[in-house]
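Q: If you want the building blocks of each chain, they are given just below.
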Amino acid sequence: MQQRFTYLTVTLAGLAGWLTLAPVAPADEITRGEMLSVSCAGCHGTDGKSPGSIPSIAGKSADTIETALKEFRSGQRESTVMGRHAKGYTDEEIKLIAAYFGSVK
Amino acid sequence: MGTYSRRDFIKLIGAAGATSAVGWPLIAQAKRGHVVIIGGGFGGASCAKYLRKLDPGIKVTLVEREKEFVTCPFSNAVLGGLYDMGFITHSYDALRQRWDIKIVHDTAVAIDAAARKVKLAGGKTLKYDRLVVSPGIDIRWNALKGYDEAASELAPHAWQAGPQTVLLRKQLEAMKDGGVVVITSPANPYRCPPGPYERACMIAHYLKQKKPRSKVIILDAKDGFAKQGLFIDGWKQLYPGMIEWVKGTDGGMIDRVDAKTKTVYPTFGDPVKADVLNVVPPQSAGAIALKAGLANKDGWCPIDQKTFESTLHKDIYVLGDAAIAGKMPKSGYAASSQAKVCAAAIITSLRGANMPDPSYVNTCYSLVGPDYAISVAAVYRLQEGQISGVKGAGGVSPKDADPAFRRKEASYAVGWYKSISADIWG
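These protein sequence lines map, in sequence, to chains A and B. Heads up: the first sequence begins at 1 in the working numbering, then just goes up one per residue. Heads up: the second sequence begins at 1001 in the working numbering, then just goes up one per residue.
Looking at chain A on its own, in the form it has when it is part of the complex:
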């Protein structure tokens, strides 16, 4: 009995520690926005933070990203390759991507 009591106590102590130290548990589903957006990271860097000559997406607002993607798609904004990419996404998908990168830290 004594032993069990000790075990429970330390386990609860561990749980308390976990609650304060562990990263936030992931939501149960991977969102469509996340699924679409991770495919951008190959060129724009993990979380949209580019280490080289390709522009970063991180730090831009969702509105800025949405406008840019739509203008790339229409050709209103000049690009080398982004026009070819942006044509692959619907308005709804562009919104999801913009919302994702607009919120990453």
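What the hints contain is simulated information worked out from the structure, not anything from laboratory work. Among the hints, a few may not be true.
To be verified - What the simulated footprint calls covered on chain A by chain B, stretch by stretch (three residues with Cβ under 8 Å from a Cβ of chain B suffice, anywhere in the stretch; the number is not a length):
#1 29-35
#2 59-72
#3 77-88
As the list claims (entries may be wrong) - Negatives, chain A to chain B, calculated, CB over 12 Å:
#4 Asp91
#5 Lys95
#6 Ser103
For every residue, glycine included, the Cβ atom is placed at its ideal position computed from N, Cα and C.
On the provided structure of chain A, position chain B as indicated by the hints.
A: Chain B in isolation, oriented as in the chain A frame:
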């Protein structure tokens, strides 16, 4: 090592409780499951990182033979003298330290799909909940008559980057001015469809500066190739008269090679004698995929194109060059994109949750010269079980682009490389 039995798990809970918060991640990991990944290249390393990024509760063990990974992308630029080997060599430190992935430098020699175990050459056995097999390609020795492993020491393929890249570069450096470099290009499918033609560019770039009387001949099993029009324009502009492409039906199809005399024997026409012979040979999925019964009779692995789970073995996923992935090419970039979809599939399968609709991308640059690059891009969706390009999107660089556009793409090519290698090994 690397795995926990249920009994060990119970013990660990006790240990975790007794050692406070430090033990907690172990419990979360055990709850989410253990994913073993074979192969630390574009597919495998991406999958490892994105599994951990999308779900820090998953325990990931990456099995990779080499201590450092040398990429095929930009290895042609090394052949051309633009970069050294260090530029294309990546360590596993970040995956180990930043992403808490267990890296085991060993070779997987057998998979027991029923018992969910992987046997390693070093004698260890890893138990998994889900297994990812991303072994890239292996050379089908002797599929081209005369081309075996010994021949590749005389006539390098350099289609798996590393010592083969160094060997081919040394041969180019040792060649006399006025020499002939012969590249043989195989029938589809093979790793990196535009690769042989970018290689011709990069070799010509080197020769133009150091040995301008030399030539590059491409003997092709095919009658056409990726980004063909753009490459041929680039050759005319940058390397007039230096690169000759012989298509399959014009005598490019080869019957056999003699590596000792560096001679190529086409199926018809005269033998072609090379000073440097670079054979891009027929390929198959990496050896472990064949050994484990994951490949079809052609040597490539059929998969569910939504999840990348093998259609031949449950709970085993095959990625990258080894897999039959619909319309996606066998490129490093495609492998990395597939890996992210596969990571989502594995995480949701372990959670019993729904997987979001997959989305896949490919972007490949080819360097024609240091300031002249061309690209191909595509966005893919799953359509009737097949990975298919979204209509109206993607395609190659414009044909009539000005030099400023080509220069910009050359700058983006380097940026692309820095981004994707950081996205995978960083």
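Q: If a hint holds in the structure, say so; if it doesn't, say that too.
A: Now for the hints, and whether the structure bears them out:
1. 29-35: holds (count 6)
2. 59-72: violated (count 0)
3. 77-88: Since three or more residues must qualify, the claim that chain B covers the segment 77-88 of chain A holds, with 7 doing so at under 8 Å.
4. Asp91: holds (14 Å)
5. Lys95: Holds, since 14 Å exceeds 12 Å.
6. Ser103: holds (15 Å)
Of the hints listed earlier, the one the structure fails to meet is number 2.
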